[in-house]
Each structure stands twice: as structure tokens, then as C-alpha cells.
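Student: Going down the list, the sequences are from chains A and B.
Position 29 of the first sequence, counted from 1, bears residue number 29 in my numbering, the numbering being contiguous throughout.
Position 55 of the second sequence, counted from 1, bears residue number 1055 in my numbering, the numbering being contiguous throughout.
One thing to keep in mind: the hints can contain errors.
In silico BS3-like pairs for lysine-lysine, Cα to Cα no more than 27 Å straight-line [as the list claims (entries may be wrong)]:
| id | chain 1 | residue 1 | chain 2 | residue 2 |
| --- | --- | --- | --- | --- |
| 1 | A | 284 | B | 1108 |
| 2 | B | 1289 | B | 1300 |
| 3 | B | 1080 | B | 1285 |
| 4 | A | 178 | B | 1289 |
| 5 | A | 300 | A | 316 |
| 6 | A | 15 | A | 178 |
| 7 | B | 1331 | B | 1108 |
| 8 | B | 1400 | B | 1331 |
| 9 | B | 1214 | B | 1019 |
| 10 | A | 106 | A | 15 |
| 11 | A | 300 | A | 86 |
| 12 | B | 1019 | B | 1086 |
| 13 | A | 15 | A | 199 |
| 14 | A | 34 | B | 1300 |
| 15 | A | 108 | A | 289 |
| 16 | A | 34 | B | 1034 |
| 17 | B | 1086 | B | 1327 |
| 18 | B | 1199 | B | 1335 |
| 19 | B | 1316 | B | 1101 |
| 20 | B | 1015 | B | 1402 |
| 21 | A | 300 | B | 1019 |
| 22 | B | 1034 | B | 1019 |
| 23 | B | 1086 | B | 1204 |
| 24 | B | 1015 | B | 1034 |
| 25 | B | 1178 | A | 289 |
| 26 | A | 204 | A | 289 |
| 27 | B | 1285 | A | 178 |
| 28 | B | 1108 | A | 289 |
| 29 | B | 1284 | A | 178 |
| 30 | A | 178 | B | 1178 |
| 31 | A | 214 | B | 1289 |
| 32 | A | 178 | A | 285 |
| 33 | A | 285 | B | 1178 |
If you want the ones that stay clear, here's a sample from chain A, every Cβ over 10 Å from chain B, calculated [what the hints assert, rightly or not]:
| id | residue |
| --- | --- |
| 34 | 5 |
| 35 | 65 |
| 36 | 206 |
| 37 | 293 |
Calculated from the structure, these hints are not laboratory results.
Where a beta carbon is used, it is the ideal one built from N, C-alpha and C, also for glycine.
Protein chains: 2
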Amino acid sequence: MPTAGNPIVYGSWDKAPGKPTVLIYAHYDVQPVKESEWDNPPFTPVIKDGKIFGRGSSDDKSGVMISIWAVESMLKTDGKLPVNVKFLFEGEEEIGSPNFKDFLGKNKELLHTDFAVTGDDAQYSDSVPSINLSSRGSVQLQFNVKTANTDAHSGQFGGKTPNAVVAMSQIISSFYDKQGNVAVDGFYDKVLPITPQQKETIKKINYNPATDMKILGTTAEVGDTSYSPLERVWYRPTLEIIGMQGGYTAPEGHSNIIPGNAMARITCRLVNNQNGDEIVDMIKKHINKNSPVGVTVSYKFKPGYASPMTTPSDTKAFSYIAETLSKVYGKQPIKMSTGGTGGAMLSFKEILGVYAYSLGFLQADEKSHAANEFFRTSSIRRGQIVYCYYLQHVADEESKLKK
Amino acid sequence: MPTAGNPIVYGSWDKAPGKPTVLIYAHYDVQPVKESEWDNPPFTPVIKDGKIFGRGSSDDKSGVMISIWAVESMLKTDGKLPVNVKFLFEGEEEIGSPNFKDFLGKNKELLHTDFAVTGDDAQYSDSVPSINLSSRGSVQLQFNVKTANTDAHSGQFGGKTPNAVVAMSQIISSFYDKQGNVAVDGFYDKVLPITPQQKETIKKINYNPATDMKILGTTAEVGDTSYSPLERVWYRPTLEIIGMQGGYTAPEGHSNIIPGNAMARITCRLVNNQNGDEIVDMIKKHINKNSPVGVTVSYKFKPGYASPMTTPSDTKAFSYIAETLSKVYGKQPIKMSTGGTGGAMLSFKEILGVYAYSLGFLQADEKSHAANEFFRTSSIRRGQIVYCYYLQHVADEESKLKK
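Isolated chain A (complex conformation):
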């Protein structure tokens, strides 16, 4: 189905009149690749040691395919499904779902549902299930620093000519204080204190810094140590530079220039009541205030931003997910949050009136967004079992309630 951007894929099975409807969300779009960093071509998947390597294998082709295969297997086995099912696969999740809310609004009747789940989500590990109950929002912008119309000969002009890369570095440095907090005026104004309940959630998780450090190959954790690492990732906002370029950077050769231009891309992860438009304004004011002399700044905006969101755990929709995971994994799911963004999920509540609960099978070490992204083949089978069980469980429990 067309949108102003990439089309949305919709499909439904509605032959269970009187039964509830479950809407399953996932997204088919993926992050761009830096092909040179991949061991195998990113769009020619390779299966090795129980892992499928390829862009999107984890984020979020897994979400698309596991639910389809689960439904296919039920239809092949039983000739029918225990509930009505609607598939909704988006193509703009990675750029902040700029057309998704509008699409939901225009197709409210068609998409009417009793329950919604998203396959764009993670489990804590192979053996420990989890349900994410909050996610950060995000907003992006690109800014360009111009100090000259042309690169300048570093001998002929060096000593009096502004350098765009140096100016850009100074602006980027000015974004942070010594604790690693964001030094942009007003940035934390709408950030709420971390609640006792949130602290409790984190306490229950046996967080080991070494795990993620091993995944990434980092040698240190950074950030304001007055918050624990998981508090920072789940409940505190960030301002990250996701890329920066200026001057002569070809792998070979050497160009003795003073660069006249540089660009950088910013992503902020937002929490609580932070508003993307307001945050962008604050950043622009900060850049204007902190630009060295001789610098002209321009901006290029990415469409859309995603608000932070939280999902309640005192609903029957939550219980059905939790009970399903308990059954399949043999233990209670832990309640978690994610530092990531599920912008589209907020629209479900606003437009369709249902919360979309996490029912995805990504894991933290699978290099989402990075080179050599992979997905565990074992998660495919486990995920299919979970989806089959979940659809049956919803049917059974709702049928009990009717009696």
C-alpha cells in the first residue's frame, strides 16, 4: 500500500469470526552498509556456525519472516488460525517512520485490532526471555560547517585561514561537559528523574559491563557515572555524532589543504517528555553560540522523529505475552527497557488504541546497524514456536473471558 515514502506491506487472514484479531508489526527496510567492512557481501546472506550474516538478517527481516513462517506453519497444519491476523510491514522504520502515523490514520478501519505485537524487538538471551516496556525516542540532523568556498593551500594560506575540520571538531567538543553529559542548554529540562520502579527493574538484571564490551570490542564504558550504565542507556538521553567528514580523506595520497567544508550527522536519543523539534532548536542555538569565527553553518534535516514511549505491564495484552514466553522458555520474562527507538509503536496507541508489545528475537550481540550483522538460526525456530503458541494462547484466554 502506497505512502508518501516507501510502501507499507499489508496482509490479513480474517476467517475466524467472533475471534480476536492480532496485528503483527515488523519493518522490511534496513540500515545502509559500509560494504568494505563486511566479511561477506551484505545483501547476499551467508549461513555459518548457526548464524545468518547479512544486512537486516537481525534488524528486522527476522521480525518479518518469523511471524510469516509461524502463520504459514499453522495454516499448513490446521488449515486455519485460532485468531484473525493482520500483518503490517513498514519500510521507513530506520528513518523514523515519517509516514507511518498518517498511514494508520487513513486506514484506521482496515487496521482495527484487539492486540498488537512488534517483531522489531529483542530477547535478553537464548535462555532468558524479556519484554521491553520503554524505548527512547530519536531525532536526527546533519550540519555543515563552511569556512571557505574552496580548500586552501596549507602553506600559502596556513596561519590566517580558518579550517573547517578544526572548527567542526571544536563545535562537536562543545556538545559535552567533562562528565560526558550533553552541554546543550535546556537539553535535560524535560527529562524526569529515574523512578524507584525503574531502578528496581535494573537491579533485577545481572548487568555485566564485560558482555557488551566484548561484543563491541570497547575498552571502557563512558558517561556520567552518577547513573549506572543501564540507567544511562534506558532512561537518559544522548547526543551522538554518527558521522563526520571534512577535507582530504582518501585512503591513499596526501593533499596539503586547509579544508573549507566539513559535515557531521547527529542523532539524539530522547526520553520522557523531550520533544524532537525543541531539541533540534536547542542544538542549533548551541552551534550558533559555539561556532568559531569565520564559520557559516547550514543544516539538513532528516524527515520525522520518534517520541520516547512506555508500555504498561498491568494489561491482559502484557500477560498473554509474558505467559507465552514463560511457557516456551521455561522461565518468567524479565521486564526491560531499550535504549533504541520504536517510533511507530507510539502511533499504535494513539491511532488504533492498542499497545504494541515486544515479541521479537534479536539479541544484543547481533550487530544491528553495524557491519557483519547476523541472526541466530536457532532463534528462527524458537520464534516460530513463540508466535504459534501466542496466537493460540490469545484465542484460548479470550474465549475463556467470553464465557
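Let chain A serve as the given structure and place chain B on it in line with the hints.
Tutor: Just chain B, lined up with the frame of chain A:
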């Protein structure tokens, strides 16, 4: 003739026994190009409005061709030259002439000469001739900042994971103090005070900041204002970032990552007794001291560095150049310096025992090293006349001295 790097082109005309020998230096190698920034293909020259556009048209194909055409015209007109001539065209000037000194040493006999000039140099303007009497040295290095083995999902890991681009920006910012001076310990230790004679030279030049600012399209001059702009460019050292790259910087798309790697290239312009190896050591110490936590730095070195140099103006070799320029331009040349580097020139004095004087026709606005480099076609004819007159003048004056 082969060297350990690019070959050197040598040619001679030696049919004037008893007459002096003039050696003419220029270089055929050029700076790399960023092709997308050029209005015309950089290696398919285009003549437009009295200008030849193309990489190297100015720096330094002009130096190579003007002297060849001058000699050619004399041979065609007179059947002979007034002096013996040796051409020496290098192919590694733009990377600091790493094999040039060695080549001179091995071919000392062959290259024996009475006078030497370099076509890799500039005139003040179309109507005002000039002779450069000092140049800065230069040294280059590339450094890489690594914070992780892989880019990280900015949601999943953002808040606790070091960002290579931010770390790189902080290191680059740390290179400078608030006045724009270099904040690397020891950097200025071997820089001598600017002499009254040097101040006098600058005073004679009607320096107008607007001229270069218009050439480059800059809106401000930067640097330590306790020195004048020309003092800073001619007699003070610099540390410039000539390029920096990290994270996702493709023109389209948006990758929500925390970059794990960034690279930057540094060029320093050196003066007086500054030594390239010592400067590189100081920079490495500074980077180690100023690297944020979680950062691993590695280095990649460019071969060779060029020492700063000065050339005296109380020699007959200087007088022959000055008299030639006076004759052709109708006015005395002004004594200047250049912020650029003529590393090979130092080797002439050291190995061949002669100073190489500037006799080139570049001009400051011709975008050497940048996109859309050009050379004035009018400078070709004027340059040829200068070279013809110069060779005849050397013959005449030397012959007078013999009598």
C-alpha cells in the same frame, strides 16, 4: 632516471663550453583531486577566459613547460643557447621529496652547475615581480582513533559507549589554545623571533586581507593577532588538520551508529630550527596525553619531511634574477617569503653547493592544491620571455666578470 620512488626526468644541453651552467628545477607530480568538486575533468585541461583549468596547470606543470618552451624557442631562433642548461624535473615534490636528496648525492657530478632556479614558485602579481627568500618546512602524519572493533547501535549502546568521532574531535580541539596557537608542548621551542629585516620585508608589501579572503571565499582571518597575517604565514609554524573522517558519511541514507573508528591527517608547516621528527614526537605525546578514556590511537606516517629554508639576497645569483625580472616587468621585484615548502631546494645547497632561486609564475589565486586549479595563459608568454632573458643575462654578466 629511476629513484626509490617516482623517476626523475633529466635533460641537458651542454654545447657552450667555457660558459656557465644553469640548472632548472620543477616537478611533474601533482596533488590528488576530489573530482566531484571540479567544474571540468581535472585531467582534461580546458582553456577559458585566458586561464588553463586542470590539476597541476599551475603547480607545477607551468614550471616544467615554461622553461622547456623558452629553451626550445632559443634553440629554434639561434640554433644554440647562451649557457649550458640542465633540466631536472622531480616526481615527488608533493609528498616532501623523500628521494630527492639521495638522488642529488648519487648524481653530483652529472648535476654540477653554476646556477640553479626553481620554476615551482610564484610572482606577486601580473605586474609586480617578486622573489621568495624563505619557505616553511613541512611534516605530515595520519592518526587513527579506535574506540571499538565495530560501529555500535546508537540506541542499544548509546550512553555508555565511547564515540570515536567525538574522541577525535576532542583530540583535535586540544591541539589549539584560545588564540589559535598550537597547544602542543614544545612546539614553538625552536622558533626564532621575527627579525627586524623580516618585519621590514613585510612592511614593504601592501598586504590587503580582502585579496586572499576573496580568493578563498573566507569571511575572517584567524590566528594569533600578536603577529600580522603575513608574519603568521611566512615566519610562524602551523598545525593543520587536512582531513578527518569517521562513522557514516555517505551523502544519502542515515545510519544510527556510534562510530568505532575515526582518522585524521595532520600537516605541520615548520620554520627556523624546527625538526620534523621532534615535532612528530611532540604531537604523539600530546595525543597520548589528551586522548579520552576508551581510545586506542595508531599512526601512519608519510615518507619524508622538508626542512624550512632561507636563501640570501646578497649573491650575484640573486642579482641576475632580480635584474631579469626588473627588465621584463619594468619594476624592481619585491622580496617575499612563502608559507609553502620547497623541500628539494635545501638539498641543492647541501649537495650541489648552489642556492636555487625562485623563478616561477604561479599566482596566489590560482587554487594550487584545490579544485578548479588554473594557470594564466598570459603568464606562459611572460615566463618564456623571463627565462630567455635570464639565460642570456647570466651569459653576458658572467662573460663580463671573466674579462
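Student: Evaluate each hint against the coordinates.
Tutor: Do the hints match the structure? See the list:
1. About 62 Å separates the Cα atoms of residue 284 (chain A) and residue 1108 (chain B), which puts this hinted pair outside 27 Å; it is violated.
2. Of the pairs offered as hints, the one joining residue 1289 (chain B) and residue 1300 (chain B) holds, with about 19 Å between alpha carbons and a cut-off of 27 Å not exceeded.
3. At roughly 58 Å between alpha-carbon atoms, residue 1080 (chain B) and residue 1285 (chain B) are farther apart than 27 Å, so this suggested pair is violated.
4. For the hint pairing residue 178 (chain A) with residue 1289 (chain B), the CA-to-CA distance comes to about 16 Å; that is within 27 Å, so the pair holds.
5. Distance hint between residue 300 (chain A) and residue 316 (chain A) is unfulfilled; the C-alpha atoms sit about 44 Å from each other, more than 27 Å.
6. Annotation: proposed proximity of residue 15 (chain A) to residue 178 (chain A) is violated, straight-line Cα distance about 61 Å (limit 27 Å).
7. Restraint check: the Cα-Cα separation between residue 1331 (chain B) and residue 1108 (chain B) comes to about 37 Å, which exceeds 27 Å; the hinted pair is violated.
8. Distance restraint check for residue 1400 (chain B) and residue 1331 (chain B): the Cα-Cα separation of roughly 24 Å lies within the 27 Å cut-off, and the hinted pair is therefore satisfied.
9. Of the supplied pair hints, the one linking residue 1214 (chain B) and residue 1019 (chain B) is violated, its CA atoms being roughly 47 Å apart against a limit of 27 Å.
10. A distance of roughly 24 Å separates the Cα atoms of residue 106 (chain A) and residue 15 (chain A); the hinted pair therefore holds under the 27 Å criterion.
11. Restraint check: the Cα-Cα separation between residue 300 (chain A) and residue 86 (chain A) comes to about 37 Å, which exceeds 27 Å; the hinted pair is violated.
12. The suggested pairing of residue 1019 (chain B) with residue 1086 (chain B) holds, with an alpha-carbon distance near 13 Å, which does not exceed 27 Å.
13. The straight-line distance between the Cα atoms of residue 15 (chain A) and residue 199 (chain A) is roughly 45 Å, outside the 27 Å bound, and the hint therefore fails.
14. Only pairs whose Cα atoms come within 27 Å are accepted, and residue 34 (chain A) paired with residue 1300 (chain B) is accepted, the gap being roughly 22 Å.
15. Between residue 108 (chain A) and residue 289 (chain A) the CA atoms are separated by roughly 45 Å; this puts the pair beyond 27 Å, and the hint is violated.
16. Annotation: proposed proximity of residue 34 (chain A) to residue 1034 (chain B) holds, straight-line Cα distance about 20 Å (limit 27 Å).
17. A threshold of 27 Å between alpha carbons decides the hint, and for residue 1086 (chain B) with residue 1327 (chain B) the separation of about 24 Å falls inside it, so the pair holds.
18. Of the pairs offered as hints, the one joining residue 1199 (chain B) and residue 1335 (chain B) holds, with about 12 Å between alpha carbons and a cut-off of 27 Å not exceeded.
19. Straight-line distance between C-alpha atoms of residue 1316 (chain B) and residue 1101 (chain B) comes to about 25 Å, which keeps the hinted pair within the 27 Å bound.
20. Only pairs whose Cα atoms come within 27 Å are accepted, and residue 1015 (chain B) paired with residue 1402 (chain B) is accepted, the gap being roughly 19 Å.
21. For the suggested pair residue 300 (chain A) and residue 1019 (chain B), the alpha carbons sit about 67 Å apart, so the restraint of at most 27 Å is broken.
22. At most 27 Å may separate the alpha-carbon atoms for a hinted pair to count; residue 1034 (chain B) and residue 1019 (chain B) exceed this at roughly 46 Å.
23. In summary, the hint linking residue 1086 (chain B) to residue 1204 (chain B) is not supported, as the alpha carbons are separated by about 35 Å, beyond the 27 Å threshold.
24. Of the pairs offered as hints, the one joining residue 1015 (chain B) and residue 1034 (chain B) is violated, with about 45 Å between alpha carbons and a cut-off of 27 Å exceeded.
25. At roughly 16 Å between alpha-carbon atoms, residue 1178 (chain B) and residue 289 (chain A) fall within 27 Å of each other, so this suggested pair holds.
26. At roughly 43 Å between alpha-carbon atoms, residue 204 (chain A) and residue 289 (chain A) are farther apart than 27 Å, so this suggested pair is violated.
27. Of the supplied pair hints, the one linking residue 1285 (chain B) and residue 178 (chain A) holds, its CA atoms being roughly 21 Å apart against a limit of 27 Å.
28. For the suggested pair residue 1108 (chain B) and residue 289 (chain A), the alpha carbons sit about 59 Å apart, so the restraint of at most 27 Å is broken.
29. Under the criterion of a C-alpha separation no larger than 27 Å, the hint pairing residue 1284 (chain B) with residue 178 (chain A) is consistent with the structure, at around 23 Å.
30. Simply put, residue 178 (chain A) and residue 1178 (chain B) have alpha-carbon atoms about 18 Å apart, close enough for the 27 Å limit, and the pair holds.
31. Restraint check for residue 214 (chain A) and residue 1289 (chain B): satisfied, since their Cα atoms lie roughly 26 Å apart, inside the 27 Å limit.
32. For the suggested pair residue 178 (chain A) and residue 285 (chain A), the alpha carbons sit about 21 Å apart, so the restraint of at most 27 Å is met.
33. Between residue 285 (chain A) and residue 1178 (chain B) the alpha-carbon distance is near 21 Å, which keeps this suggested pair within the 27 Å criterion.
34. The non-interface label for residue 5 (chain A) is consistent with chain B: the shortest C-beta to C-beta separation is roughly 13 Å, beyond 10 Å.
35. The claim that residue 65 (chain A) lies off the interface holds: its Cβ sits roughly 20 Å from the closest Cβ of chain B, which is beyond the 10 Å cut-off.
36. Look at residue 206 (chain A): its CB is around 16 Å from the nearest CB on chain B, clear of 10 Å, so calling it non-interface holds up.
37. Some Cβ of chain B comes within 10 Å of the Cβ of residue 293 (chain A); the nearest lies about 5 Å off, and the non-interface call is violated.
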